[in-house]
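**Q** When you line the sequence shown up against my numbering, it's residues 6 to 154, in that order.
Hints may contain errors.
Listed next, with one range per pair, are the computed distances between beta-carbon atoms [stated by the list, open to error]:
| no. | residue 1 | residue 2 | range |
| --- | --- | --- | --- |
| 1 | Asp-31 | Glu-140 | 16 to 24 Å |
| 2 | Gly-104 | Phe-32 | 50 to 58 Å |
| 3 | Phe-29 | Ala-114 | 54 to 62 Å |
| 4 | Phe-32 | Gly-64 | 42 to 50 Å |
| 5 | Ile-28 | Gln-102 | 52 to 60 Å |
| 6 | Glu-140 | Ser-82 | 17 to 25 Å |
| 7 | His-80 | Asp-31 | 40 to 48 Å |
| 8 | Arg-122 | Thr-30 | 17 to 25 Å |
| 9 | Ala-72 | Leu-38 | 19 to 27 Å |
| 10 | Asp-31 | Pro-127 | 19 to 27 Å |
| 11 | Asn-120 | Ser-82 | 40 to 48 Å |
Honestly, the hints are just simulated from the structure, not real lab data.
All C-beta atoms, glycine included, are put in the ideal place defined by N, C-alpha and C.
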Amino acid sequence: MNALLMFAQVSVMRDAVTAFVVIFTDFCALMILLAALRERKYGDRVWANESRCLMLTDGEQVFSLGAAEILIGRHMSADIRLWDRRVSRFHALLVLQDGNWRIEDLQSADGTFVNGRRIRSPRVLHPNDVIRIGESSFTVVRGSERGLR
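Go ahead and model the full structure; you've got the sequences and the hints to work with.
**A** Dropping the structure here:
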């Protein structure tokens, strides 16, 4: 009888420990999800500010820089597609890094030019910089220019 009572106590204790571990794990998962949600909301606000800072315009169209990386080229997956034989399929990449937009030539055949000079390494972009890729030219403008937000 004593052994039976002891077995029941061990079983109850094991069930209590299991319940505690499950509840504790769920609590930790909930805290991680809440922290991630707060971080995402903060990140979305920062991202909205960063992406509004600079845009590209070719005089007719305005290209909002709304992603951390923007591919320019002829390929179907390019974010900015150019229909020009002098443009490589994967020609250049715009990258938001440390709050600055940089442009990098992806070893294209005809090169990427900023303000008339061929770039050989990633280059930080500034308002009024002129990017030339193939026959296309883009001017870097602030998001608030031309009534854009």
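**Q** Hint by hint, note whether the structure agrees.
**A** Against the structure, the hints:
Between Asp-31 and Glu-140 the Cβ separation comes to about 59 Å, which falls outside the hinted range of 16 to 24 Å. Between Gly-104 and Phe-32 the CB atoms are about 36 Å apart, so this pair departs from the stated range of 50 to 58 Å. For Phe-29 paired with Ala-114, a C-beta distance near 59 Å keeps the hint of 54 to 62 Å intact. With their beta carbons about 57 Å apart, Phe-32 and Gly-64 fall outside the hinted range of 42 to 50 Å.
The hinted range of 52 to 60 Å is not satisfied by Ile-28 and Gln-102, whose Cβ atoms lie roughly 42 Å apart. Distance hint for Glu-140 and Ser-82: a CB-CB separation of about 21 Å, consistent with the stated range 17 to 25 Å. Checking the proposed 40 to 48 Å range against His-80 and Asp-31 shows it holds: the Cβ atoms sit about 45 Å from each other. Look at Arg-122 against Thr-30: about 57 Å separates their beta carbons, and that is not inside 17 to 25 Å.
Hint check: Ala-72 to Leu-38, Cβ distance near 25 Å, so the stated range 19 to 27 Å holds. Look at Asp-31 against Pro-127: about 45 Å separates their beta carbons, and that is not inside 19 to 27 Å. With their beta carbons about 28 Å apart, Asn-120 and Ser-82 fall outside the hinted range of 40 to 48 Å.
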